[in-house]
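Assemble the complex: chain A is given as a structure, and chain B must be docked to it using the hints.
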Amino acid sequence: MARMKFLCDADRCIECNGCVTACKNANEVPWGVNRRRVVTLNDGEPGEKSISVACMHCDDAPCAAVCPTDCFYTTTDGIVLHDKDLCIGCGYCFFACPFGVPQFPEQRAFGSRGRMDKCTFCAGGPEEPGSQAEFEKYGANLIAEGMLPACAEMCATKALLAGDGDLVAEIFHHRSTSRDGRPQTWGWATAYGAGLS
Amino acid sequence: MKNQLKQPKTRNALRRIGWLTALVVVFAMAVPLTGYVYVAVAQDDERAQQSQQNQAWSGTNPRSEVWRQARQSYEGVSAVDSPAANVLISSSGETFRQVRMGPVSTYLPWFLAFMLAAMAMLHVFTGGGHKLGKLSGKRLPAWSLFDRVLHWYVAVLFLVLAVTGLSLLFGRAVLIPVMGPEGFAAWARASKFIHDWAGPFFVVGVLVMSVAWLHHNKPTKVDLHWLLKGGAFGKHLPAGRYNGGQKIWFLVNVAAGLIVCITGVLMLLPNIFENRELFQINLIVHGIVGIAWLGVSFAHIYMATLGAPGSVDITTKGHVSSEWAKVHRSLWYEEVKDQEFQAEQKKSTAS
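Residue numbers (this note's numbering), protein chains in the order written: chain A, 177 to 373; chain B, 70 to 420.
Hints are supplied without guarantee of correctness; some may be wrong.
Cβ-to-Cβ under 10 Å is the rule here; a few derived chain A residues that face chain B [said to hold, decoys possible]: (1) V209; (2) R212; (3) D219; (4) D246; (5) Y268; (6) G276; (7) F348.
16 Å max Cα-Cα, derived EDC-like pairs, lysine to aspartate or glutamate [unchecked claim]: (8) A:K313 to A:E282; (9) A:K260 to B:E251; (10) A:K260 to A:E312; (11) B:K200 to B:D407; (12) B:K207 to B:D407; (13) A:K200 to B:D150.
Hints are computed from structural coordinates only; laboratory data are not their basis.
All C-beta atoms, glycine included, are put in the ideal place defined by N, C-alpha and C.
Bound conformation, chain A alone (with noise of 0.2 Å):
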């Protein structure tokens, strides 16, 4: 079974943000809900970089963990979702989250946010794939239809990879090792030291 996986390369991202245009594109989501945003490190310095992030679909969750009702489920494929109908909107998981993924809504008296929204890497909800219910509660459900996240696929500079984590580890491992200009970083030499052979 695929075990699907995000990853920016950091080295390619230009802070384009097609990659959030393109999620609130496919899932339709509210005014204020970013189910992906980009973080530039450094800005305005050399050597400064960006970074694309959206829910990283943990294999041992803080959101679940925390979460009062237990509406989150880990799919086949390790996408980890989570059942609006159950959800009550308490926001644990915002503050159990390390990216800042669940997003909410709404701002009501005390604090009331609405039923929480995060990336689903593309892959809908529990309700039935691709029916209008899934649509409206939780966006495109693009893995039904055999496709991959729409973030990444719009990626110009193919800095944002998703799919099967062994595939994208091959991918960036490739480029990593081929990419000219920092020899430093990988080698014998550089994981070793030069005066072991």
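Showing chain B alone in chain A's frame:
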């Protein structure tokens, strides 16, 4: 014949010119490229120097610094404008999870169980409180209507908040197997709603109570004596209007009330938190202090019912039997015995 001889000659000349032109073109294209060769050679030198540096294990890879920053919650820049959107990884979330699902979910239920067991043990070993025997019907006025309303206002909200709060923390483990995921989700949503809306009313009650009853709860030497000699364990020692145990319960209410109410009100306004860490600590403190308070309240509830039969009358009827006062509040009885009245008399005067 001549023509035939001449033709190859001109052909050779043309060929020579063609070759020369091609040669010039090739050189014209190739010569500027030697600059790249020079740069490459220079870069190779640079790399050789760099790799010598690496051999000496000096300096860090500038790219690894970026991932170190990402891991250590450095604030970057993001076009997305939402709380903490500019931070890539915040480890405190995992700490919050470990604390909430670890010690908080493990030890606090044990504390509640310990308090229940302690009350049961006390009941068994002290024989269930002093039996007052046949009452003479003589009563002493104790609590005004204001006191009684205030007590039950706070008490009912306390129990409602306790049940809904416990449901949110332990419902996943305890109630989902009973009610099913959908049933529990409905109850949890109701719990959150009730907890949110009852909270502010409870805050008002705790504040009024803390001020209104403060003057009754000044600690005295009598209280110290009562506590040290084991007044809480069934011995009947002299006590005033309130004994040492009750004064401690009042202190617990004020202290725990302050903490639970402040953290609770802050949670109703989650957007005032600048970062997630403060909210995480806030939520953990609210849970720990709230449950500790509930555990201590078991002692209060036991003492007011089974632990000292007749006590409930104070909070329901506002007056208490003289026999009860003689046993449990000997000093207070001496103070107010001239206000004694007959329960039947009061009935007749009232009607």
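Hint-by-hint comparison with the structure:
1. The interface hint given for V209 of chain A is met, as the beta carbon of that residue sits about 9 Å from the closest beta carbon of chain B, less than 10 Å.
2. Checking R212 of chain A against chain B by beta carbon gives a least distance of about 8 Å; that is within 10 Å, so the hint holds.
3. The closest approach between the C-beta of D219 of chain A and any C-beta of chain B is roughly 4 Å, which is under the 10 Å cut-off, so the hint is satisfied.
4. Given hint, D246 of chain A at the interface with chain B, holds; its Cβ is 5 Å from that chain's nearest Cβ, closer than 10 Å.
5. Hint on Y268 of chain A holds. Least Cβ distance to chain B is approximately 8 Å, under the 10 Å limit.
6. For G276 of chain A, the interface hint holds, since its Cβ comes within 10 Å of a Cβ in chain B; the closest pair sits about 5 Å apart.
7. Annotation: F348 of chain A was flagged as interfacial toward chain B, and the flag is violated, the nearest CB pair being 14 Å apart, outside 10 Å.
8. Proximity of K313 of chain A to E282 of chain A is assessed by CA-CA distance (about 14 Å); at most 16 Å being required, the pair is judged to hold.
9. Among the hinted pairs, K260 of chain A with E251 of chain B is consistent with the structure: their alpha-carbon atoms are about 11 Å apart, no more than 16 Å.
10. Distance check on the hinted pair: K260 of chain A and E312 of chain A sit about 11 Å apart at the alpha-carbon level, within 16 Å; holds.
11. A distance of roughly 24 Å separates the Cα atoms of K200 of chain B and D407 of chain B; the hinted pair therefore is violated under the 16 Å criterion.
12. Of the pairs offered as hints, the one joining K207 of chain B and D407 of chain B holds, with about 11 Å between alpha carbons and a cut-off of 16 Å not exceeded.
13. With a C-alpha separation of about 15 Å, the suggested pair K200 of chain A and D150 of chain B falls inside the 16 Å cut-off, and the hint holds.
Violated hints, listed in ascending order, are 7, 11; each of the other numbered hints is respected by the structure.
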